[in-house]
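Asker: Please work from the sequences and hints to get the whole structure.
Under my numbering, the residue at position 83 of the sequence shown is numbered 83, and the numbers go up by one with no gaps.
Fair warning: there could be bad hints in the mix.
Claimed, not checked - Pairs of lysine to any residue residues, derived as SDA-like cross-links and limited to a Cα-Cα distance of at most 25 Å, are as follows:
| id | residue 1 | residue 2 |
| --- | --- | --- |
| 1 | Lys236 | Val37 |
| 2 | Lys236 | Glu272 |
| 3 | Lys236 | Pro221 |
| 4 | Lys236 | Phe157 |
| 5 | Lys236 | Pro125 |
| 6 | Lys236 | His110 |
| 7 | Lys236 | Gly252 |
| 8 | Lys236 | Ala24 |
What the hints assert, rightly or not - Listed next, with one range per pair, are the computed distances between beta-carbon atoms:
| id | residue 1 | residue 2 | range |
| --- | --- | --- | --- |
| 9 | Glu234 | Arg79 | 27 to 35 Å |
| 10 | Ala231 | Pro82 | 33 to 41 Å |
| 11 | Pro64 | Phe276 | 45 to 53 Å |
If you are wondering where the hints come from, they were derived from the structure by calculation, not from laboratory data.
Only a predicted model underlies this, so the values are computations on that prediction, with no experimental measurement involved.
Just so you know, even glycine gets a beta-carbon here, dropped at the ideal spot from N, CA and C.
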Amino acid sequence: MIVLLAGCAAPADPGATPSTGLPAGVTVELRQTRADVALRQAAVSVRNGTAEPLVVADVSVADPRFAAPAERVVDRASRIAPGAVADVRVQLADVACDVPDEAAATVTLHYRWGEDDAEAVATVPIVDAVPFVAALHANECLQAEAERSARVAFGRFTPSPPGEPARLEMVVTPTAGTGALRIVGIRETNLLTTPDVEDSVHPLDIDQTGPDRSAATVELPILPARCDAHAVQEDKRGTVFRVLVEVDGRAGSFDLAATPELRGEILGWIAEWCGF
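Answerer: As structure tokens, this is what we get:
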């Protein structure tokens with residue numbers, strides 16, 4: 001779904017250039033690729049369906065499901081030729097969990113277009129064409145609820161020789177809250193599995209409920225789920241795991257991504273284990 005944006009809208013702020021809307025034929029949508037997930041970024045995809053070049057500078061997405069607007073990652077201007085599309089990366093802020101998972105968002109663009117080439121500002125509605133914001137909001141708010149009892153993170157990675165499982169630490173650290181949390185499993189990824197996986201899930205039983213809970217470190221035995229070099233080289237989500245939990249009796253899950261450094265260690269181990 002692409003939203004056609006034209007007409008007038010409110011200015012971004014009282015001191016800004018008044019909003020003139022976007023030229024007829026310019027469309028925008030919000031997207032998130034697999035590569036954006038671990039970085040918590042997204043892209044405002046701008047299509048120039050006019051006969052004139054379009055230059056887009058500042059871009060900001062306002063969505064009540066986030067604590068602050070998503071701002072452009074790289075401070076630059078994007079020149080978009082007639083008929084072309086440019087993806088402008090934006091950094092997502094922390095989620096705001098007192099807001100429903102479904103909500104309306106707007107994008108503000110500072111741009112130049114046509115013969116006049118004067119700067120204009122447009123604030124217009126934007127949607128995620130392949131929906132991801134509602135699920136991201138729900139997952140991260142569930143994680144925030146879980147962290148009232150304990151925080152979950154990856155620790156040390158211990159590589160292994162070919163044919164044997166490596167070890168990846170999952171560290172569970174109690175917090176000062178009083179929530180009820182049980183970690184019931186962790187789902188395999190497109191690149192990594194475990195020897196005792198059941199229906200794509202490595203079972204766990206970590207209870208972080210009550211005042212006497214204590215820190216726990218679990219060593220996950222992991223194996224490459226595949227050994228084709230093409231899949232590893234183009235990997236985007238192979239080190240993003242899904243943690244299955246029960247929070248105050250409610251079942252759910254959230255993503256747990258390896259840090260860039262840990263991701264590099266794991267991918268290097270897969271290459272050696274598989275003999276690339």
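Asker: Against this structure, judge whether each hint is valid.
Answerer: Consistency of the hints with the structure:
The straight-line distance between the Cα atoms of Lys236 and Val37 is roughly 8 Å, inside the 25 Å bound, and the hint therefore holds. Between the alpha carbons of Lys236 and Glu272 the distance comes to roughly 19 Å, so the proposed pair stays at or under 25 Å and holds. Only pairs whose Cα atoms come within 25 Å are accepted, and Lys236 paired with Pro221 is accepted, the gap being roughly 21 Å. Note on Lys236 and Phe157: the hinted pairing holds, with a Cα-Cα distance of about 19 Å set against a maximum of 25 Å.
As the CA atoms of Lys236 and Pro125 are separated by approximately 29 Å, the hinted pair breaks the 25 Å bound. Using a Cα cut-off of 25 Å, the hinted pair Lys236 and His110 is violated, with the two alpha carbons roughly 31 Å apart. Restraint check for Lys236 and Gly252: the C-alpha separation of about 23 Å stays at or below 25 Å, so the hint holds. As the CA atoms of Lys236 and Ala24 are separated by approximately 35 Å, the hinted pair breaks the 25 Å bound.
Roughly 28 Å separates the CB atoms of Glu234 and Arg79, a value that falls within the hinted 27 to 35 Å. Between Ala231 and Pro82 the C-beta distance comes to about 37 Å, which sits within the given range of 33 to 41 Å. For Pro64 and Phe276, the hinted distance range of 45 to 53 Å is satisfied, since their beta carbons lie about 46 Å from each other.
When the structure is compared with the earlier hints, violations turn up for hints 5, 6, 8 and for no others.
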